[in-house]
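2 protein chains.
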Amino acid sequence: MSTSTSALAIENQMMSENGVQQVELLNGVEDSYGGIIINMEEPCESEAFAFSLRASILQWKQQGKRAVWIKLPIQLVNLVEPSVKEGFRYHHAEPDYLMLVNWISDSTDTIPENASHRVGIGAFVVNKRREVLVVQENNGTFKGKGLWKFPTGVVNEGEDICMAAVREVKEETGIDTEFVEILAFRQSHRSFFTKSDLFFVCMLRPLTFDIQKQDTEIEAAKWMPFNEYAAQPFVQKHDAFSSVANVCLTKLETDYAGFSPIPRTTSSGKTSYLYFNSRDLNKP
Amino acid sequence: MSTSTSALAIENQMMSENGVQQVELLNGVEDSYGGIIINMEEPCESEAFAFSLRASILQWKQQGKRAVWIKLPIQLVNLVEPSVKEGFRYHHAEPDYLMLVNWISDSTDTIPENASHRVGIGAFVVNKRREVLVVQENNGTFKGKGLWKFPTGVVNEGEDICMAAVREVKEETGIDTEFVEILAFRQSHRSFFTKSDLFFVCMLRPLTFDIQKQDTEIEAAKWMPFNEYAAQPFVQKHDAFSSVANVCLTKLETDYAGFSPIPRTTSSGKTSYLYFNSRDLNKP
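Respectively, the protein sequence lines represent chains A and B.
Read left to right, the first sequence gives residues 214 to 497 (our numbering).
Read left to right, the second sequence gives residues 214 to 497 (our numbering).
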């Protein structure tokens with residue numbers, strides 16, 4: 214159904230009721246960049262929504278607003294098509310909602326970019342006997358290859374890298390750890406459709422030693438002499454793996470300095486971690 | 214219109230043609246994780262699509278497929294609602310398309326996470342007279358505050374951090390640079406709706422010195438003595454800024470080692486940059 218038809222239908226219907234046009238405007242919250250955010254929560258008929266949206270945008274344009282955001286829970290999927298027909302484009306989506314945006318001003322479009330990267334960690338957990346905590350996975354790329362690898366995992370939205378490393382080790386192996394530092398990281402591309410990937414190699418100090426492996430993801434977990442880990446053909450064969458093993462070995466044998474997380478207050482008043490070479494910074 | 218009604222309508226229509234049910238199955242490409250990816254490109258009527266989708270899923274289930282992905286260009290927005298009604302959820306979206314996914318197997322859902330982080334860079338470009346390249350922006354948080362800051366920008370999907378830093382400096386100031394290393398990085402949360410942010414402070418060596426500022430984003434650009442930059446009240450007042458200035462000063466005055474990018478071949482055969490403290494790694 215075309216937009217003009219649906220709008221006309223509603224207009225006629227509204228005229229017939231009392232001869233006066235009444236349009237219910239949408240409730241929007243202002244952001245600090247001249248934008249309006251509409252959080253749709255209640256079910257709404259598509260044509261009524263399209264009509265309200267059009268009227269609301271006219272008003273916001275007059276008020277000099279620059280952008281309109283619509284957050285649609287997946288239950289309100291019927292409102293996606295009318296939004297796009299009113300000029301909205303997609304911005305980002307999560308399993309349970311879709312965010313659309315429309316730049317309604319004549320000025321240059323300054324809509325911020327969508328998230329572009331997934332972030333992962335690999336945990337280098339080594340005990341005093343130079344044994345490293347390793348796992349074999351039940352699924353994924355390395356399933357069934359017999360490769361012993363560091364515990365790895367995904368850093369969630371809103372989660373600090375240093376916390377994610379401790380969490381993943383605990384989940385996969387039951388071992389409690391203390392975060393030491395980031396030894397290296399890798400950026401790779403098109404890891405998942407067009408998205409890029411940042412993978413942080415984190416060193417952690419074990420606080421407990423008794424392994425309780427998680428069953429659904431982890432086939433096996435153990436402490437393995439570091440040299441045995443590094444000597445695995447797969448690790449030797451692949452640049453990215455052997456380089457990381459080399460960094461870890463350097464850390465074990467010399468005074469290699471990675472980046473440590475230090476909490477800092479940002480200009481917006483939030484606390485966030487700054488990671489840097491704190492050893493070099495604090496040298497006398 | 215409910216799903217069952219629309220399916221019935223098509224079924225009736227098809228029966229009436231020649232008395233034999235014919236369903237056009239969707240064309241899908243197999244991925245290496247037991248999934249099927251449907252790239253919809255041609256316009257399609259919503260009800261016919263829903264019917265084909267349902268029949269295709271039945272077949273894929275029989276074949277033991279685990280997940281079905283549908284990529285819908287924004288022009289085919291009419292197919293979003295039928296997809297959701299067939300059990301699909303959103304996975305991610307970009308301005309011009311929406312990706313939906315449906316886990317059709319009885320096994321544990323292992324759909325990968327969506328991208329969670331935006332990645333940005335700040336460029337510390339310093340010449341031999343200890344002057345640092347700084348800009349004032351036309352818009353954004355720091356507009357009109359008189360703050361001289363490092364050139365900053367967003368790392369695009371598919372772009373290497375070290376390339377992004379060189380590109381942003383060139384775009385904003387016209388200065389050609391060579392990437393040296395990452396001095397520090399910050400992770401912050403809820404920077405944009407629920408998304409997180411990684412911001413890398415990159416040191417670059419200037420190769421040219423004559424500033425040609427970009428006009429739409431940059432109000433002013435100049436070389437500024439580093440001490441003047443660091444003495445700005447705003448920089449002094451905010452932990453995150455003063456810490457970064459402190460790291461940069463340490464880099465200028467002592468032998469602070471950041472992380473350098475070294476190209477490495479991953480296990481999937483791609484080349485990607487590994488960033489680590491190459492000074493400590495190569496120490497005799």
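Check each hint, because a few of them may be wrong.
Any copy, or any two copies together, can satisfy a pair, since identical chains are not distinguished.
Derived DSS-like pairs: lysine-lysine, alpha-carbon spacing no greater than 27 Å straight-line [stated by the list, open to error]: (1) 284 with 298; (2) 426 with 358; (3) 450 with 383; (4) 426 with 496; (5) 435 with 274; (6) 298 with 383; (7) 435 with 483; (8) 278 with 356; (9) 341 with 284; (10) 496 with 356.
The set of hints was computed from the structure by calculation and includes no laboratory data.
Since the structure is predicted, the reported quantities are computational estimates derived from the model, not experimental observations.
message: When the structure is checked against the list of hints, which entries are broken? Sort them ascending.
response: Of the numbered hints given earlier, those the structure breaks are 3, 4, 5, 6, 7, 9 and 10, listed in rising order.
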